[in-house]
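Visitor: Once you've looked at the hints, dock chain B against the given chain A.
Each chain is listed here by its residues.
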Amino acid sequence: MWYFCSPRKIAFGEEALEALREVHAKKALVVTDTTLLQLGTIQPVLDLLKEEDIPFVIFSAIQPEPAIPPSREGAKLAEQEDVDLIIAVGGGSVIDGAKAIWVFYENPDLDIAEVFPEDPLVLRQKAGFVAIPTTSGTGSDANWAIVIKNPETKQKLSLAHRELIPDLAIVDPQFTKALPLSLTAATAFDALTHAIEAFTVEWRNDFSDGLALQALKLIFEFLPQVMADKDNMVAREKLHNAATMAGLAFGNSQIGGVHALAHSLGAVLSLPHAQVVAVVLPHMMRYCLSEPIIEQRYAEIAYTLQLVNTLDAKGAHTLIDKIEEFRKSFDLKTKLSDFGVTKSLLEEKMPLIIEFALNDTGSLVNPKELNKEIIRTLCYTMF
Amino acid sequence: MVVNFPSKEWLIKYQEALNGEAGKAWQEAAKDWEGDFLFVIEADDKLEKDLTFYIDLWHGECRRVEFIEDPAKAPQTEFQYRGKYSNWVDLIHGKIDPIKGILMRKFKLVGNKAKVLRAAKAAQELVNTAQKIESVFL
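In order, the protein sequence lines correspond to chains A and B.
Take the first sequence: its position 140, counted from the start at 1, is 139 in numbering that gives the first Met the number 0, and no numbers get skipped.
Take the second sequence: its position 119, counted from the start at 1, is 118 in numbering that gives the first Met the number 0, and no numbers get skipped.
Excised from the complex, chain A in its bound form:
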């Protein structure tokens, strides 16, 4: 037995924000970050809340690669203001940080590390949750996951609970209109990785397979179009849909070794998530390729994407080559040293990188077993 879970409603496409009018609330907490606030990206949400006479307060202290303390602060604000709706407007960091606010608001004494899928988690007693992604990457708007850093241990916690799936996801391309191309490419690579891992990890299933393949088709077709013309809103809409579909896919399957290692590298070396995912992806794919079932699965992706005409092993290699070609053409970083990481720093931090990577649930379900030596080798290969 397995489950397929999703938000109660996903509003997508042009003017999807209108779906927020259907939500009844006496007061909302709008969670975002300072950049989006300054850029005015969240203004359409604020305007709509004003039109609907829903009072709101803004919490904008969520940082990139979110940590627990700001979310605790956000929960205090939610408590002071007695809100009954939390609206996350931002990328993965904001949505994950807002989910953590929701958890703390409803469970002030809970150690968030104890959130476990099969244990009770009280939510929706005080507030509902709406997610509005402003990047086409995270997928957190449509799934049960939170990735949040514990500053005491430096570890990124990957938590999951079905109660954490937003009530409403608003996947409106207008929020990605001003997204710089560099971020568009990096976050799309995160979505691409979600789909590839959802399709290949040990927990893959029929439902996640379908979503993952369609997400990949959309990303491969429309990411180049957006990169060629950042104002192509049709392509941006398709890319935005793809990210949410990939989020549904991995939320109902799992992420794998790419994310396990990227979480670890991101936490230990303070690297931005989406960009480090793009570095790890082809290396982990090559490592997993020796598993016949995975070679077959990569080949199936390549065939679906019409990268090859026949369903055979050649497709698996073509897929990885194509991903590397994409990465290069979109000016994404390809090595750890591109982030300024030095070899001595990598060596110094290696024990912690290995420990965090191997104890990430993504490692547990990776299609090919990971161990200390493999993580070390991959890190040096990526250097």
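Honestly, the hints are just simulated from the structure, not real lab data.
None of the values given here were measured: they were computed from a predicted structure.
Each hint should be verified, as a subset may be incorrect.
Claimed, not checked - Where chain A lies over chain B, by a calculated footprint (3+ residues, C-beta under 8 angstroms):
1) 6-16
2) 52-58
3) 110-117
Unchecked claim - The list that follows gives simulated cross-link-like pairs (lysine-lysine, DSS-like), each with its CA atoms no further than 27 angstroms apart:
4) B/K112 - B/K83
5) B/K112 - B/K94
6) B/K99 - B/K30
7) B/K114 - A/K371
8) A/K371 - B/K112
9) A/K348 - B/K23
10) B/K72 - B/K114
11) A/K25 - A/K8
12) B/K30 - A/K367
13) A/K367 - B/K114
14) A/K371 - B/K99
15) B/K7 - B/K94
16) A/K348 - B/K114
17) A/K332 - A/K371
18) A/K125 - B/K30
19) A/K367 - B/K94
20) A/K313 - A/K216
21) B/K23 - B/K72
22) A/K367 - B/K23
23) B/K112 - A/K367
24) B/K30 - A/K348
25) B/K23 - A/K371
26) A/K153 - B/K99
27) B/K131 - A/K371
28) A/K367 - B/K131
29) B/K114 - B/K45
30) B/K45 - A/K367
Said to hold, decoys possible - Here are some, though not all, of the chain A residues that point toward chain B, as calculated from beta-carbon distances under 8 angstroms:
31) E201
32) N204
33) L331
34) N358
35) N370
All C-beta atoms in this analysis are idealised placements derived from N, C-alpha and C, irrespective of residue type, glycine included.
Guide: Below, chain B alone, put in the same frame as chain A:
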């Protein structure tokens, strides 16, 4: 030597495996682990009555095991991992992993789950080591 699962002999072999060459990966992954378990193998159409393994794991060493036939005599432990006999067989054969087993409601974990999740690799290696024992199933 082939041993029956579940049995006292199997449990002794398991302790030997964890502490020996077969358990090297577990020893490494569990070097910081402190905590004892009850593995409860619940009766189903193949197993007549519940059986319990007591396993004391400490810093990459399996310090003590005990085969408990009467569940009432089981000691208090930090963790309990329990499931039906047929699910244990699937776990040992690698058909399900220890975390997915919980999510599929084939197993129940009692105790500080966050601590177990932080040691996911050690949990996986506990199962990998069990797979190395030549076992006969009911």
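Visitor: If a hint holds in the structure, say so; if it does not, say that too.
Guide: Structure-based check of all given hints:
no.: 1; hint: 6-16; result: violated (count 0)
no.: 2; hint: 52-58; result: violated (count 0)
no.: 3; hint: 110-117; result: holds (count 5)
no.: 4; hint: B/K112 - B/K83; result: 20 angstroms, holds
no.: 5; hint: B/K112 - B/K94; result: 22 angstroms, holds
no.: 6; hint: B/K99 - B/K30; result: 24 angstroms, holds
no.: 7; hint: B/K114 - A/K371; result: 20 angstroms, holds
no.: 8; hint: A/K371 - B/K112; result: 24 angstroms, holds
no.: 9; hint: A/K348 - B/K23; result: 23 angstroms, holds
no.: 10; hint: B/K72 - B/K114; result: 26 angstroms, holds
no.: 11; hint: A/K25 - A/K8; result: 21 angstroms, holds
no.: 12; hint: B/K30 - A/K367; result: 23 angstroms, holds
no.: 13; hint: A/K367 - B/K114; result: 24 angstroms, holds
no.: 14; hint: A/K371 - B/K99; result: 23 angstroms, holds
no.: 15; hint: B/K7 - B/K94; result: 24 angstroms, holds
no.: 16; hint: A/K348 - B/K114; result: 23 angstroms, holds
no.: 17; hint: A/K332 - A/K371; result: 25 angstroms, holds
no.: 18; hint: A/K125 - B/K30; result: 42 angstroms, violated
no.: 19; hint: A/K367 - B/K94; result: 14 angstroms, holds
no.: 20; hint: A/K313 - A/K216; result: 19 angstroms, holds
no.: 21; hint: B/K23 - B/K72; result: 32 angstroms, violated
no.: 22; hint: A/K367 - B/K23; result: 19 angstroms, holds
no.: 23; hint: B/K112 - A/K367; result: 25 angstroms, holds
no.: 24; hint: B/K30 - A/K348; result: 18 angstroms, holds
no.: 25; hint: B/K23 - A/K371; result: 12 angstroms, holds
no.: 26; hint: A/K153 - B/K99; result: 26 angstroms, holds
no.: 27; hint: B/K131 - A/K371; result: 20 angstroms, holds
no.: 28; hint: A/K367 - B/K131; result: 18 angstroms, holds
no.: 29; hint: B/K114 - B/K45; result: 33 angstroms, violated
no.: 30; hint: B/K45 - A/K367; result: 32 angstroms, violated
no.: 31; hint: E201; result: 7 angstroms, holds
no.: 32; hint: N204; result: 11 angstroms, violated
no.: 33; hint: L331; result: 29 angstroms, violated
no.: 34; hint: N358; result: 5 angstroms, holds
no.: 35; hint: N370; result: 7 angstroms, holds
Hint compliance for this structure: hints 1, 2, 18, 21, 29, 30, 32 and 33 are broken, all remaining hints hold.
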